[in-house]
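If you count the sequence shown from 1, you need to add 157 to reach the numbering used here.
What the hints contain is simulated information worked out from the structure, not anything from laboratory work.
Here a beta-carbon is modelled for each residue, glycine too, at the ideal position from N, C-alpha and C.
Wrong hints could be hidden among the right ones.
[To be verified] Label-pair ranges, simulated between beta-carbon atoms:
id, residue 1, residue 2, range
1, Gly263, Pro163, 31 to 37 Å
2, Gly196, His231, 33 to 39 Å
3, Phe207, Thr265, 44 to 50 Å
4, Gly210, Ala186, 30 to 36 Å
5, Lys269, Ala194, 18 to 24 Å
6, Gln185, Thr270, 24 to 30 Å
7, Glu189, Ser160, 32 to 38 Å
8, Thr170, Phe243, 24 to 30 Å
9, Glu209, Val272, 28 to 34 Å
10, Pro182, Thr235, 32 to 38 Å
11, Asp246, Lys269, 15 to 21 Å
12, Asn159, Gln190, 17 to 23 Å
13, Arg244, Phe187, 22 to 28 Å
14, His205, Glu271, 24 to 30 Å
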Amino acid sequence: MNSYAPGLHILATFQAPAPALLDMPACQAFFEQQIAALGLTAVGAAYHAFPEGGFTAVVALTESHLSIHTWPEHGLATFDVFLSNFRRDNADRARALYATTLAFFGATETSKTEVRR
158 MNSYAPGLHI LATFQAPAPA LLDMPACQAF FEQQIAALGL TAVGAAYHAF
208 PEGGFTAVVA LTESHLSIHT WPEHGLATFD VFLSNFRRDN ADRARALYAT
258 TLAFFGATET SKTEVRR
């Protein structure tokens, strides 16, 4: 039997102030800073602002991905990050990225699931 554990996937929903959930450029700069600080490698990204407000973002990483979808009219966001363990155990980095994301948005966690892949 193979003992390789592919990685940690965190799926979460949080509440945050509407202004933070509208500021896509600030989120993009934050994600870029966090990716660099954690020693991760971005290989592509898509950011889309909706006319009614809110935005969605998906960042492809060599380690896998992270994404966020915001609903400022409801003060709500969904977030997920999956970091594979191909070169190293990245569970601590996935948890750190989630924690700093909550702090960045001034958020309160509504739900969080950690899935060991």
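Structure-based check of all given hints:
1. At about 32 Å, the beta-carbon gap between Gly263 and Pro163 stays in the expected band of 31 to 37 Å.
2. A hinted range of 33 to 39 Å for the beta carbons of Gly196 and His231 is consistent with their spacing of about 34 Å.
3. For the hinted restraint 44 to 50 Å between Phe207 and Thr265, the CB-CB distance of approximately 23 Å leaves it violated.
4. Between Gly210 and Ala186, the C-beta spacing of about 19 Å breaks the proposed range 30 to 36 Å.
5. In this structure the supplied range 18 to 24 Å holds for Lys269 paired with Ala194, their Cβ-Cβ distance being about 22 Å.
6. Against the hinted window of 24 to 30 Å, the Cβ-Cβ separation of Gln185 and Thr270 comes to about 25 Å, which satisfies the hint.
7. Between Glu189 and Ser160 the CB atoms are about 34 Å apart, so this pair conforms to the stated range of 32 to 38 Å.
8. Distance hint check: the CB atoms of Thr170 and Phe243 are about 28 Å apart, consistent with the given range 24 to 30 Å.
9. At about 31 Å, the CB distance of Glu209 to Val272 agrees with the hint of 28 to 34 Å.
10. The beta-carbon spacing between Pro182 and Thr235, approximately 20 Å, falls outside the hinted interval of 32 to 38 Å.
11. A hinted range of 15 to 21 Å for the beta carbons of Asp246 and Lys269 is consistent with their spacing of about 20 Å.
12. For Asn159 and Gln190, the Cβ-Cβ distance of about 36 Å falls outside the hinted range of 17 to 23 Å, so the restraint is violated.
13. Range check, Arg244 to Phe187: Cβ separation about 24 Å, and the 22 to 28 Å hint holds.
14. Checked against the given bound of 24 to 30 Å, the beta carbons of His205 and Glu271, roughly 27 Å apart, stay inside it.
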